[in-house]
Each structure stands twice: as structure tokens, then as C-alpha cells.
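Use the sequences and the hints to build the structure in full.
Protein chains in written order, with our numbering: chain A, 1 to 87; chain B, 1 to 630.
These are calculated hints, taken from the structure and not from any lab test.
Note that the Cβ used here is the ideal one computed from N, Cα and C, for glycine as well.
In silico contact screen, one side only, chain B against chain A (beta carbon under 10 Å); selected entries:
1. I10
2. G39
3. G41
4. R48
5. T68
6. D70
7. A238
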Amino acid sequence: MNTAPIEIDIRLREIMSDVLDVDPQIPDDFSRDDESGWDSMAHLRLITAIEQAFGIKLTMKEIEEIRSYGDLRARIAANIANTANRG
Amino acid sequence: MDSTPSKHDIRARAEALKAAPDGAALRAALAGLDLDRLGPGDIDVLWRGLRGHDEAADIRLAILSNFTLDLLPRFLAVRAAAEGLRTAGYTGPFDQHVQEVLNPDSGLHRFRPDVVFLALSLRRLRPQALEAFATLSADDRRSLRDEIADHLATWAAAALERLSATVLIANFPAPARPLAGVADVKADYGETEFFLELNLELLRRFKGNPRLRLVDADGLTARFGKERVLDRKLHYLAKMDWSPAFLPTVADELVRQIRAVRGQAKKCLVLDLDNTLWGGVVGEEGPAGVRIGPGDPEGEAFLDFHRRLLALRAQGVLLAVCSKNNPADVAEVFDTRPEILLRPSHFAAAEICWDPKHEGLRKIAKALNIGTDSLVFLDDNPAEIELIRQLLPEVEAVQMPADPAEYPGVLDRLTLFERVAVLDEDRQKAEQYQQNRERDELLTATGDLTSFLESLGTELEIRRARPDDLPRLHQLFTKTNQFNVTTIRYTQADVERFAASPDHELWVASARDRFGDLGTIALMLLESEGDALRIDSFLMSCRAMGRGIETALANHLKSRLEARGARELHARYLPTAKNKPVETFYEDQGFRLIESGESGEKRYILAAEDAARRDCGWIRIDVKEEALAA
Numbered sequence: 001m002n003t004a005p006i007e008i009d010i011r012l013r014e015i016m017s018d019v020l021d022v023d024p025q026i027p028d029d030f031s032r033d034d035e036s037g038w039d040s041m042a043h044l045r046l047i048t049a050i051e052q053a054f055g056i057k058l059t060m061k062e063i064e065e066i067r068s069y070g071d072l073r074a075r076i077a078a079n080i081a082n083t084a085n086r087g
Numbered sequence: 001m002d003s004t005p006s007k008h009d010i011r012a013r014a015e016a017l018k019a020a021p022d023g024a025a026l027r028a029a030l031a032g033l034d035l036d037r038l039g040p041g042d043i044d045v046l047w048r049g050l051r052g053h054d055e056a057a058d059i060r061l062a063i064l065s066n067f068t069l070d071l072l073p074r075f076l077a078v079r080a081a082a083e084g085l086r087t088a089g090y091t092g093p094f095d096q097h098v099q100e101v102l103n104p105d106s107g108l109h110r111f112r113p114d115v116v117f118l119a120l121s122l123r124r125l126r127p128q129a130l131e132a133f134a135t136l137s138a139d140d141r142r143s144l145r146d147e148i149a150d151h152l153a154t155w156a157a158a159a160l161e162r163l164s165a166t167v168l169i170a171n172f173p174a175p176a177r178p179l180a181g182v183a184d185v186k187a188d189y190g191e192t193e194f195f196l197e198l199n200l201e202l203l204r205r206f207k208g209n210p211r212l213r214l215v216d217a218d219g220l221t222a223r224f225g226k227e228r229v230l231d232r233k234l235h236y237l238a239k240m241d242w243s244p245a246f247l248p249t250v251a252d253e254l255v256r257q258i259r260a261v262r263g264q265a266k267k268c269l270v271l272d273l274d275n276t277l278w279g280g281v282v283g284e285e286g287p288a289g290v291r292i293g294p295g296d297p298e299g300e301a302f303l304d305f306h307r308r309l310l311a312l313r314a315q316g317v318l319l320a321v322c323s324k325n326n327p328a329d330v331a332e333v334f335d336t337r338p339e340i341l342l343r344p345s346h347f348a349a350a351e352i353c354w355d356p357k358h359e360g361l362r363k364i365a366k367a368l369n370i371g372t373d374s375l376v377f378l379d380d381n382p383a384e385i386e387l388i389r390q391l392l393p394e395v396e397a398v399q400m401p402a403d404p405a406e407y408p409g410v411l412d413r414l415t416l417f418e419r420v421a422v423l424d425e426d427r428q429k430a431e432q433y434q435q436n437r438e439r440d441e442l443l444t445a446t447g448d449l450t451s452f453l454e455s456l457g458t459e460l461e462i463r464r465a466r467p468d469d470l471p472r473l474h475q476l477f478t479k480t481n482q483f484n485v486t487t488i489r490y491t492q493a494d495v496e497r498f499a500a501s502p503d504h505e506l507w508v509a510s511a512r513d514r515f516g517d518l519g520t521i522a523l524m525l526l527e528s529e530g531d532a533l534r535i536d537s538f539l540m541s542c543r544a545m546g547r548g549i550e551t552a553l554a555n556h557l558k559s560r561l562e563a564r565g566a567r568e569l570h571a572r573y574l575p576t577a578k579n580k581p582v583e584t585f586y587e588d589q590g591f592r593l594i595e596s597g598e599s600g601e602k603r604y605i606l607a608a609e610d611a612a613r614r615d616c617g618w619i620r621i622d623v624k625e626e627a628l629a630a
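Shown next as C-alpha cells:
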């Protein structure tokens with residue numbers, strides 16, 4: 001799994017664009033409040049796709065707390081780092 | 001992990017789906033894509049390519065549930081598109097399966113579904129009882145079982161009465177592990193016993209009504225893996241009791257149900273021989289060298305494949321052979337290798353020669369009196385598969401896998417032979433085609449058509465439709481292509497309505513001759529319109545064609561004028577790609593052509609005074625007048 005921060009950005013934007021049907025040029029502060037299509041069901045589709053793509057597991061608390069593109073990227077990076085440390 | 005398809009590939013396919021004008025294009029857009037190996041977000045991209053064409057849907061499927069199934073329609077739409085079917089989906093509001101059916105203004109009623117799928121979580125249906133399950137007495141558990149079965153049966157009755165749709169009801173998946181552990185099987189009515197009996201009860205109760213079907217959700221969860229069906233996180237966050245990973249399995253089952261309900265199952269499976277029915281090439285290894293039979297791993301795999309083919313044949317699928325070989329070599333294989341399970345008599349047709357296979361397939365279809373679009377073709381040679389895909393795209397051509405170990409599984413994955421129920425007609429069909437071959441031989445022997453028809457000794461019974469005829473009549477409506485003057489595909493609900501209506505006469509004919517029983521082969525639907533009788537539908541199975549039965553049936557319709565005191569018969573012919581054989585049927589029966597449309601449709605009138613019967617003296621006819629018993 002490629003985990004350089006730039007790689008996370010590229011893949012995450014691709015997945016968000018596919019799942020939410022938004023333009024791939026996603027700004028860092030892109031948030032659930034900005035996008036009506038990012039409803040609770042879409043959020044779970046997005047989380048499921050991200051878990052599959054990055055090989056990570058987010059907790060229910062993390063999933064509830066994620067509000068924006070920036071939140072997501074931070075969570076993914078932290079999870080990958082944790083997994084790497086444990087491994 | 002096997003690689004998932006590239007994002008670029010998926011987007012190109014979504015574009016192709018968006019532009020697809022018909023089912024063949026949908027199928028082509030997804031050809032070769034393994035839907036079980038989609039990457040993250042791929043299903044959403046593909047689904048967007050299909051959205052917004054609900055009016056063009058082949059089937060409208062409504063989903064009712066007390067857990068979250070909002071993601072199922074997209075999996076279903078993509079899975080169905082891969083099979084060339086366009087679906088429109090509706091997901092009812094959470095936990096309102098009763099209200100949706102009872103309220104005539106509900107979203108469900110406004111959606112006008114062809115199929116309704118109900119899947120309920122037991123825990124949400126009866127929370128208190130399930131909460132207390134561990135402490136319930138055996139008697140309480142038994143009453144719970146009956147109470148739940150009653151609830152579903154009552155709901156089903158209401159749904160069937162208020163909707164013309166086919167109703168699918170999921171049974172209840174037994175949990176991955178019983179609460180009492182291994183001791184559960186020793187308990188007085190444990191959890192295992194409870195679920196087995198509840199599901200058995202549902203299966204038995206739902207068997208009788210052709211518009212009501214059980215979906216074995218318990219079996220689906222077992223096939224997929226019960227521990228993976230529930231993603232606890234999604235369950236707590238969104239009441240999603242079936243994880244997205246499980247939904248392709250559910251979608252596959254629903255596509256099979258849809259295929260069965262639509263009733264356009266393929267009719268014949270055409271098989272290559274070398275490396276398809278046995279291992280090796282007869283021309284090279286010789287009859288003794290081909291691998292088939294016990295004691296050899298490949299030989300055992302081919303035997304299993306034969307067993308599966310024989311099971312298909314027992315359900316009414318015709319088997320045929322199309323092989324490039326010397327007929328004498330092939331005959332020698334069958335003669336000298338008695339361990340081969342499939343025998344030459346099991347094949348309804350065979351083309352063993354060196355001609356190109358698309359010609360062979362055309363000849364087989366012609367010999368069986370079916371369209372090439374009713375054929376499925378299996379071959380190990382990719383070049384043959386490609387040839388058929390290009391020259392006969394209406395044939396479903398299936399490439400055999402590299403390893404014979406995988407051969408039996410090929411038939412598991414085909415949804416093309418799914419049917420609502422295996423009727424007696426289906427079970428006898430393969431035999432009936434064998435009898436047809438014997439009849440043809442008789443014709444060749446007698447040489448003269450009239451003496452041939454006399455010698456067949458055809459007996460025809462014409463009767464009012466009885467309740468036990470209705471499933472077969474629905475099947476005739478959905479499957480008959482050639483001898484079908486109007487080709488209106490009535491649903492099971494329509495058939496029930498016609499049978500009960502005083503303004504309609506639904507007539508059925510069955511036939512037999514010295515070679516055997518042809519079964520129920522024709523139906524005629526009349527509607528009374530003032531002082532006229534209108535022939536709404538007139539159709540006959542192709543295996544009964546060519547012996548004057550149609551004339552005997554037309555005579556019968558003429559006799560209805562007198563019986564009902566009507567002045568004239570009205571009829572029409574609506575052309576399709578398939579019904580050329582009946583283009584001049586009404587002219588031949590003495591009807592007067594009164595109007596011919598530009599697209600080939602024709603209208604006819606036959607006045608009572610002109611309704612002369614035509615001769616078909618070689619058929620013994622027995623008309624049973626009694627109307628449909630209540």
C-alpha cells in the first residue's frame with residue numbers, strides 16, 4: 001500500500017469524486033455542510049470505500065466525527081501510521 | 001488479492017451504460033467485468049451510468065424492509081444490466097411494509113412495481129420476544145414461530161390482493177452461532193430448531209400461490225458466509241443488517257427471480273464435445289483416449305458436469321451437440337465408452353460435421369423449431385465463442401474455464417435457465433422432443449402427408465382453463481414466440497383475472513398421439529364485446545405445429561359464435577420478429593381481412609354465416625365445456 005501523503009490525497013480525491021459524484025479538484029475544507037449529496041448514507045458508502053481502498057478500519061466514533069475532506073485525510077494518515085507501528 | 005478493474009475502465013463502462021440503447025448494449029458494456037471484484041466506489045460510478053431511465057425499465061422492483069437496504073437497488077441495477085436487463089428500483093420507507101401495502105396512495109402503489117421484495121429482520125419485527133428468546137419456553141417459541149408465519153401470510157395476502165406484482169418474501173437467516181452454543185441442538189426447541197421450522201413453515205405456506213415466492217435468505221447468508229453478512233459498525237450506525245459486501249449475492253438472487261418471473265428462460269443448451277463434454281480430442285487421442293469416467297480426476301469432473309447437464313434436462317432444458325468431428329468417431333466414443341453418462345438419446349439435436357458453428361447452431365434451432373435467441377452455447381475454444389458472439393449475438397455464448405474442475409460451476413453461474421417452477425410440461429419436454437424425432441422418421445417412412453397425419457393418431461382435448469392450468473398458461477403467454485398472433489405477455493395476475501371474468505373465455509388445449517403426450521400446448525383468449533367475440537390471444541407451442549391442430553382450434557372458436565349467440569368474430573395479427581409462421585393464419589382459416597396497417601398489423605372479421613369449419617378429420621377432438629370451478 002502506497003502511503004506517502006501525496007498518494008493519500010490522490011486516491012482519496014478519486015474515491016470521493018466517484019462516490020459523491022463531485023469534481024475531483026476537492027479543496028481541503030470541503031465539508032459535509034457544503035455538499036448536500038454527502039448525506040449520512042453517502043458518508044457510509046464513502047467510509048466503506050475508503051476502508052477497502054486503504055486497508056484500514058475506522059471506529060464508529062471516528063466515522064461520526066469526520067466532517068470534512070481534511071478530517072478524512074488526517075484519519076487515514078493516522079490509521080495507516082498506527083497499522084504500520086503495530087505491524 | 002486479485003487486481004480490481006482500473007478506474008479508467010470502470011468510467012468507460014459507465015459511459016457505455018449511459019449511452020446503451022437496449023439490453024444487448026447494457027450487457028456488452030459490462031461484458032467480462034467480475035462484479036464480485038469491484039474496487040472502492042466502482043458500484044456508484046456504474047450505477048450513475050444507469051440512473052434516470054426508469055421509464056425504459058424491463059422490470060420495476062420495490063424493496064420493503066425494516067432494516068436499511070438503500071444500497072440494494074444500485075447493486076441490483078448493475079447486476080441486472082450485466083444480464084441485459086434494465087431495472088427501476090424503489091425502496092420503501094423504513095419499517096413500513098404494512099402501511100405501504102394498505103395505503104393506496106403509498107410510494108409503493110405509485111411506483112407500480114412488477115416485483116415486490118420484502119426482507120424483514122426478526123429482531124426489529126418482534127423485539128420483545130427476540131430480546132427474551134433465551135428465556136422463552138419451548139411452547140412460547142412455537143407460538144412465536146406461528147405468529148410470525150401468520151403475520152407474513154396475512155401481509156402477503158393483502159399485498160397480492162392490492163397489487164398485480166409478484167411478491168417475494170425473504171425467510172429468516174438463522175444466526176451465525178446459536179446463543180446456547182453447541183448445546184442448542186439438545187435443547188427443547190432450541191434456536192436452531194426454531195429457525196429451521198419457521199423457514200420450513202414459510203416455504204410450505206408460500207408454495208401454493210404462483211405470484212408468491214419465498215427467497216431463501218437463510219441459504220444466501222450461508223452461501224456468502226453468515227459471519228460476514230453483518231458488519232456491526234454499519235448495523236449500529238445505520239441499521240444496515242446486510243453489509244454492502246453481501247448485497248451482490250442478494251442482487252444475483254433477485255436477478256434470478258426476475259428472470260424466472262419474466263419467463264423468458266433459454267430453451268436449449270448446445271454443447272461442444274472435445275474438451276467440453278470430455279477431456280481431449282477424439283480425432284487425436286481416439287475414442288479410448290478421451291478422458292471421461294471414474295478413476296481419473298479429469299474424468300470425474302466431466303462426469304459431474306454430465307450429471308448437472310442431466311439435471312437441467314430433467315427441468316425441461318433441451319440439450320444439443322455442435323461439434324467439429326467425424327460423426328463415425330463420435331458414435332464410436334459413445335458406443336465404446338458406456339461410462340459416459342450423457343447418451344446420444346439425451347440430445348434433442350446434433351450437428352457433428354466440419355461446417356462453421358454458427359451454421360450448426362442455426363440448423364439446431366431450426367430442427368427444434370425454436371429461435372437462435374433461445375440457445376446457450378458452451379465451448380472451450382475462444383475462437384468459436386468469438387465467432388458466435390459476432391455472427392449470432394443473440395446466442396448466449398459461454399467460454400468454458402481452463403480447468404475441467406471448474407466445469408460443473410459454470411452451470412451454477414448461469415441465470416438463463418431460471419424458471420418460476422418446474423411444471424410437468426417441463427419435465428416431459430426433453431422426452432417430447434425425442435418423440436418428435438421419431439415422428440419425423442415416420443413422416444419420411446410414409447412419405448405422404450395426409451397418411452402421416454392419420455397415422456399419428458392425434459387426440460386433442462379443448463377445455464375451459466382450470467385453476468391447475470393457470471401456471472402453465474402464464475408460461476405459454478411468456479414463452480410462446482412463433483405461433484402467437486398478438487404476442488401480448490400477460491402476467492400471472494392477468495391470467496387469474498381472465499379465468500375469473502364472465503366477459504372472457506380462456507380455453508386450453510392439450511394433445512397426445514401414438515408417440516406420447518404433448519401436454520398443454522395451446523391457449524385461446526376470447527373477449528365478449530357487444531354482439532361480437534374478439535380473439536385477444538391465440539397461441540400454440542411450436543412442438544404442436546404442422547399437424548392441423550391450429551385448424552381444429554380455429555374451428556372451436558368459430559363454434560363459440562353459435563354457443564354465445566354472437567354475430568361475428570374479430571381478430572388481429574400483430575407482427576413481431578418471430579411470429580411470421582402465423583402471418584396468414586386468419587386468412588387461411590377463412591377470416592376476412594378488413595384493415596392492414598403500415599407496420600404489418602392486420603384486422604379481421606368473420607361473420608357467423610361465413611364461419612365454416614375446416615377439415616381436420618385426422619384429429620380426434622374432445623371438447624370439455626364446463627367453466628372454471630371456484
